[in-house]
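Engineer: Each step along the sequence shown adds one to the number in my numbering, with nothing skipped, and position 161 is 173.
Hints are computed from structural coordinates only; laboratory data are not their basis.
Where hints are given, some of them may not hold.
[As the list claims (entries may be wrong)] Straight-line distance between alpha carbons at most 27 angstroms, and here's what the computed DSSO-like set of lysine-lysine pairs gives: (1) K108 x K83; (2) K142 x K74; (3) K62 x K169; (4) K137 x K108; (5) K115 x K142; (6) K146 x K115; (7) K86 x K146; (8) K146 x K74; (9) K74 x K86; (10) K83 x K137; (11) K53 x K86; (12) K115 x K74; (13) K169 x K74; (14) K169 x K146; (15) K53 x K137; (16) K105 x K115; (17) K137 x K86; (18) K115 x K62; (19) K169 x K137.
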Amino acid sequence: MSITKKSSQGFTLLEMLIALTLSVIVLGGVYSTFDSVINTKVATEDSYYKNSLLLSARSVVKPDMLQMYDKTLKIVNNPDNDELYFMTNNSIKMEKAFPVNVKYYIEDSYLIREETSEDHNYEWKLLLMKNVDKFNVESHNGYRFTEDYDSMDTIIKVSFEVSGYPVTFIAGSGHTSKKGDYAGATWQ
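I would like the entire structure built from these sequences, with the hints used as guidance.
Structural biologist: Written out as structure tokens, the structure reads:
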């Protein structure tokens, strides 16, 4: 008796099992490829989003820190979100026309950059990002990053979350600006 006996009534059991096995292998390969493509797409979009968050935050904070004035750094450590203060030559609104005091803080889940100048009776707020939480600022004391800052510190590490995505970067300057007025005399 042959297992591959010719019959006009249909396929043998062995032929059906072989066809089913080949179908499962082909469908498994197609599913695996499709799943891999989807996972790669999701990972790429996730990475792009995280990188765009990092770049957008750094593009504002880093120029401010690079033009920071000597001995003006102040960090207020709050339980939920910290606040960052310093003086810089990098006035965004006034196109670097004069030094401004800059403050970074969270309000209504927005990361806000506020620049002010008491000498010019000027205040301007810029909403940088929404859905920001856990805004944390640490300064580098020469050995490590710490929440205990000194006004002479010039390097900071900024960490926060945007819609659950963590963002961390380091900014600072080794050559801070000295305080001086427009005539070159020292400020009080």
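Engineer: Each of the hints needs a verdict: does it hold here or not?
Structural biologist: Each hint tested on the structure:
no.: 1; hint: K108 x K83; in the structure: holds (20 angstroms)
no.: 2; hint: K142 x K74; in the structure: holds (19 angstroms)
no.: 3; hint: K62 x K169; in the structure: holds (17 angstroms)
no.: 4; hint: K137 x K108; in the structure: holds (16 angstroms)
no.: 5; hint: K115 x K142; in the structure: holds (17 angstroms)
no.: 6; hint: K146 x K115; in the structure: holds (16 angstroms)
no.: 7; hint: K86 x K146; in the structure: holds (18 angstroms)
no.: 8; hint: K146 x K74; in the structure: holds (19 angstroms)
no.: 9; hint: K74 x K86; in the structure: holds (16 angstroms)
no.: 10; hint: K83 x K137; in the structure: holds (23 angstroms)
no.: 11; hint: K53 x K86; in the structure: violated (42 angstroms)
no.: 12; hint: K115 x K74; in the structure: holds (14 angstroms)
no.: 13; hint: K169 x K74; in the structure: holds (11 angstroms)
no.: 14; hint: K169 x K146; in the structure: holds (13 angstroms)
no.: 15; hint: K53 x K137; in the structure: violated (36 angstroms)
no.: 16; hint: K105 x K115; in the structure: holds (14 angstroms)
no.: 17; hint: K137 x K86; in the structure: holds (19 angstroms)
no.: 18; hint: K115 x K62; in the structure: holds (24 angstroms)
no.: 19; hint: K169 x K137; in the structure: holds (22 angstroms)
Going down the numbered hints, you'll see the structure goes against 11 and 15, while the others check out.
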